[in-house]
Amino acid sequence: MSLKGNGSPVARRIALFGILMIFWYTLSGFLDPFHLGAGALCCAIVTLISGDLIFRSKRSLFDSARIFIRFVLYIPQLLLEILYANIDVAYRILHPAMPIDPGLITIETEFTGDVLRTAFANSMTLTPGTVTVDVSGGTFTVHALVLETSQKELMETRDIQNHLAKIFDEAA
Amino acid sequence: MLNTLALIFIAIGLFFMVVGAVGLIRLPDFYTRAHASGKCDTLGEGMMLVGFILFEGMTLIAVKLLLLVIFIFITSPTAVHSLVNVAHSRNIAPWKKGEERQ
Chain A
1 MSLKGNGSPV ARRIALFGIL MIFWYTLSGF LDPFHLGAGA LCCAIVTLIS GDLIFRSKRS
61 LFDSARIFIR FVLYIPQLLL EILYANIDVA YRILHPAMPI DPGLITIETE FTGDVLRTAF
121 ANSMTLTPGT VTVDVSGGTF TVHALVLETS QKELMETRDI QNHLAKIFDE AA
Chain B
173 MLNTLALIFI AIGLFFMVVG AVGLIRLPDF YTRAHASGKC DTLGEGMMLV GFILFEGMTL
233 IAVKLLLLVI FIFITSPTAV HSLVNVAHSR NIAPWKKGEE RQ
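Line by line, the protein sequences give chains A and B. With this note's numbering applied, the first sequence corresponds to residues 1 to 172, in that order. With this note's numbering applied, the second sequence corresponds to residues 173 to 274, in that order.
In case anyone wonders, no lab produced these hints; they're calculated from the structure. Keep in mind that a hint or two might mislead.
Cβ-to-Cβ under 10 Å is the rule here; a few derived chain A residues that face chain B [stated by the list, open to error]:
#, residue
1, Tyr25
2, Gly29
3, Leu79
4, Ala85
5, Val89
6, Thr118
7, Asn122
8, Met124
9, Thr125
10, Thr132
11, Thr141
12, Ala144
Here are some chain A residues the structure puts well away from chain B; computed CB gaps all over 10 Å [claimed, not checked]:
#, residue
13, Ala15
14, Ala44
15, Ser64
16, Gln77
17, Thr109
18, Leu116
19, Ala165
These numbers were taken from a predicted model, which means no experiment stands behind them. Even for Gly, the Cβ is constructed at its ideal location relative to N, Cα and C.
Use the sequences and the hints to build the structure in full.
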């Protein structure tokens with residue numbers, strides 16, 4: 001992946017500066033000239049030094065914003081899945097006989113984007129009884145707490161995978 | 173009303189934190205323990221922080237707490253993944269059903 005995003009680096013830097021300023025204000029909570037001035041100075045320095053490291057995808061700023069909004073809309077569903085997965089794990093831990101049958105599963109995807117693969121790996125860790133062990137290219141090795149159920153969930157429904165692929169405009 | 177809701181959230185969060193700790197003790201090997209700490213702790217912390225947000229109301233502190241929730245939901249699974257990844261690359265064999273616990 002190239003270090004430079006395409007198109008207007010200035011727009012990306014302005015967006016980064018804006019986000020950093022909002023973050024600064026949220027953390028400081030003061031609106032007087034001194035604190036805002038110090039914040040603007042710090043954010044400007046960060047933007048100058050590492051402006052080309054953040055937002056370095058090849059997509060346009062508009063596309064990135066669209067993906068971000070779609071991802072935010074995906075979060076409630078993810079939270080529900082996380083809650084479900086947690087209740088399942090809690091049940092298995094607290095059950096006197098501990099009905100677990102762990103093992104490793106491999107999942108093939110055609111994901112290429114860094115953010116997409118991170119999102120997928122983290123979703124896998126949080127949701128259906130699996131923890132992502134290894135990622136190489138588009139191949140994910142996951143450790144499942146209950147081999148049979150997880151295999152069924154992962155191989156047949158593939159909900160998370162399809163959702164994330166749709167969100168990030170990539171093939172599942 | 174809001175305080176009651178906050179207390180419910182905090183109680184559920186505490187429940188999941190306790191379950192995560194119990195899982196650390198009861199589960200048989202490293203990988204399965206990662207399940208307990210990775211999932212239960214993330215949701216437990218998240219729910220407790222949401223409870224604090226409801227308790228706090230619409231203030232700047234609530235926004236900070238929300239940022240904390242987002243931070244935990246990104247970093248916690250990542251940390252668990254890197255732990256498990258190292259264990260895997262060191263060829264620690266996962267526990268199979270019927271084996272002795274490690």
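Against the structure, the hints come out as follows:
no. : hint   : result
1   : Tyr25  : holds (9 Å)
2   : Gly29  : holds (5 Å)
3   : Leu79  : holds (8 Å)
4   : Ala85  : holds (6 Å)
5   : Val89  : holds (5 Å)
6   : Thr118 : holds (8 Å)
7   : Asn122 : holds (4 Å)
8   : Met124 : holds (8 Å)
9   : Thr125 : holds (4 Å)
10  : Thr132 : holds (5 Å)
11  : Thr141 : holds (7 Å)
12  : Ala144 : holds (9 Å)
13  : Ala15  : holds (18 Å)
14  : Ala44  : holds (22 Å)
15  : Ser64  : holds (17 Å)
16  : Gln77  : holds (14 Å)
17  : Thr109 : holds (16 Å)
18  : Leu116 : holds (14 Å)
19  : Ala165 : holds (19 Å)
When the structure is compared with the earlier hints, no violation turns up for any of them.
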